[in-house]
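Number of protein chains: 2
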Amino acid sequence: MENNEEKYAALKLENQICFPLYACSKEIIRKYKPYLDEIDLTYTQYITMMVLWEKKCVNVKTLGESLYLDSGTLTPVLKKLESKGYISRVRSNEDERNLVVTITEEGEKLKEHAVCIPSKIGSCVNLTAKDAEVLYTLLYKIIGNVR
Amino acid sequence: MENNEEKYAALKLENQICFPLYACSKEIIRKYKPYLDEIDLTYTQYITMMVLWEKKCVNVKTLGESLYLDSGTLTPVLKKLESKGYISRVRSNEDERNLVVTITEEGEKLKEHAVCIPSKIGSCVNLTAKDAEVLYTLLYKIIGNVR
DNA sequence: CCTAATATAATTGAATACAATTTTATTATA
DNA sequence: TATAATAAAATTGTATTCAATTATATTAGG
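If you read the sequences in order, they're chains A and B. Sequential numbering of the first sequence, starting at 207, is according to the numbering used here. Sequential numbering of the second sequence, starting at 207, is according to the numbering used here.
Hints should not be assumed to be uniformly reliable.
[Said to hold, decoys possible] With a straight-line Cα cutoff of 25 Å, these simulated PhoX-like cross-link-like pairs (lysine-lysine) come out: (1) A:K267 - B:K239; (2) B:K285 - A:K239; (3) B:K218 - A:K218; (4) A:K232 - B:K267; (5) B:K315 - A:K213; (6) B:K232 - A:K232; (7) B:K232 - A:K286; (8) A:K237 - A:K317; (9) A:K262 - B:K267; (10) A:K239 - A:K326; (11) A:K239 - A:K285; (12) B:K286 - B:K317; (13) A:K261 - B:K336; (14) A:K317 - A:K232; (15) A:K315 - B:K213; (16) A:K261 - A:K285; (17) A:K237 - B:K218; (18) A:K218 - B:K290; (19) B:K237 - B:K336; (20) B:K237 - A:K267; (21) A:K336 - B:K347; (22) B:K232 - A:K218; (23) A:K232 - B:K286; (24) A:K347 - B:K347.
[Said to hold, decoys possible] Computed footprint of chain A on chain B; a stretch qualifies when at least three of its residues, placed anywhere within it, have a C-beta under 8 Å from a C-beta of chain A: (25) 254-260; (26) 334-344.
Just so you know, the hints here were simulated from the structure itself, not pulled from any lab data. As the structure is a computational prediction, the values presented were derived from the model and not from experiment. Cβ atoms here follow ideal geometry from the backbone N, Cα and C, with glycine treated the same way.
Work out the full structure: start from the sequences and follow the hints.
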């Protein structure tokens, strides 16, 4: 009977690796909320803007590959960002299937108000540079393995 | 002008620690899907059952503390699990504010069909024992820091 | 004892997230 | 060229997720 105690050990929450990933992700995103509220963005809108602050212009497919999100998630996010005036959504002339997302002047300005956010989150997460690097490497290793 | 190249470095997706956490969590949960489909559970229902497989009986507040979820998320999940016959939901006699969730015989049986899942996910995530331990420790360190 | 404060779930509303399907456009092939 | 195959977004439906509010129960303080 005593080996029954171990038979289901792998099903215990404390022995999961995905659960703390899931919990950690949610808890950090929760920490973003007050800062993102100040610039009226959700976390999903924020990471979308990150891509656009860097690339200026991107189609939905490429954006989805960058963010690991599909058009089912991105379409409403992009429509919302468009309604806020931060991006434009225009079909490509070369290939009408492609929707080209371009950052606006307003969207560029928002970057100034967002630039202080990463350090605030960083001090809250509070890892050493070494730990952060180890974590970063492990996470992308997993993403590579899983996909 | 060249220091402008660095001014916004912290806003690049590649310099985030939360984004790979978020992406990694989602991608692993996606990997669970075919296995969870076989036992007709979603990931949220699965981690809820994990707590119940271990504790048999728990109130919503304690469950929420275990899973980092509130009643707004848990109430519909628990109603769904009840409709599937895996749990019962009964108000506590001692304190009518508390809803006591108890696993049923059917819920116990489900454990047998779930016990093979962790190893399948583990081989897909494919970390060494050492890496998994490092990751685990870092994640719970962050959760501790953030909360 | 009575009322204010607190505690616990449930409800509501907005925003994801994703699988599956549909629509439209482009490309490949018979 | 005509049609089949493929590709990109959008749509649909289900299930989270969470902040804020509400409803009900319990506890504490006067």
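Against the structure, the hints come out as follows:
{"no.": "1", "hint": "A:K267 - B:K239", "verdict": "holds (23 Å)"}
{"no.": "2", "hint": "B:K285 - A:K239", "verdict": "violated (29 Å)"}
{"no.": "3", "hint": "B:K218 - A:K218", "verdict": "violated (36 Å)"}
{"no.": "4", "hint": "A:K232 - B:K267", "verdict": "holds (18 Å)"}
{"no.": "5", "hint": "B:K315 - A:K213", "verdict": "holds (14 Å)"}
{"no.": "6", "hint": "B:K232 - A:K232", "verdict": "holds (11 Å)"}
{"no.": "7", "hint": "B:K232 - A:K286", "verdict": "holds (23 Å)"}
{"no.": "8", "hint": "A:K237 - A:K317", "verdict": "holds (19 Å)"}
{"no.": "9", "hint": "A:K262 - B:K267", "verdict": "violated (45 Å)"}
{"no.": "10", "hint": "A:K239 - A:K326", "verdict": "holds (12 Å)"}
{"no.": "11", "hint": "A:K239 - A:K285", "verdict": "holds (21 Å)"}
{"no.": "12", "hint": "B:K286 - B:K317", "verdict": "holds (17 Å)"}
{"no.": "13", "hint": "A:K261 - B:K336", "verdict": "violated (37 Å)"}
{"no.": "14", "hint": "A:K317 - A:K232", "verdict": "holds (24 Å)"}
{"no.": "15", "hint": "A:K315 - B:K213", "verdict": "holds (14 Å)"}
{"no.": "16", "hint": "A:K261 - A:K285", "verdict": "holds (19 Å)"}
{"no.": "17", "hint": "A:K237 - B:K218", "verdict": "holds (19 Å)"}
{"no.": "18", "hint": "A:K218 - B:K290", "verdict": "holds (22 Å)"}
{"no.": "19", "hint": "B:K237 - B:K336", "verdict": "holds (22 Å)"}
{"no.": "20", "hint": "B:K237 - A:K267", "verdict": "holds (21 Å)"}
{"no.": "21", "hint": "A:K336 - B:K347", "verdict": "holds (14 Å)"}
{"no.": "22", "hint": "B:K232 - A:K218", "verdict": "holds (20 Å)"}
{"no.": "23", "hint": "A:K232 - B:K286", "verdict": "holds (23 Å)"}
{"no.": "24", "hint": "A:K347 - B:K347", "verdict": "holds (20 Å)"}
{"no.": "25", "hint": "254-260", "verdict": "holds (count 4)"}
{"no.": "26", "hint": "334-344", "verdict": "holds (count 6)"}
Going down the numbered hints, you'll see the structure goes against 2, 3, 9, 13, while the others check out.
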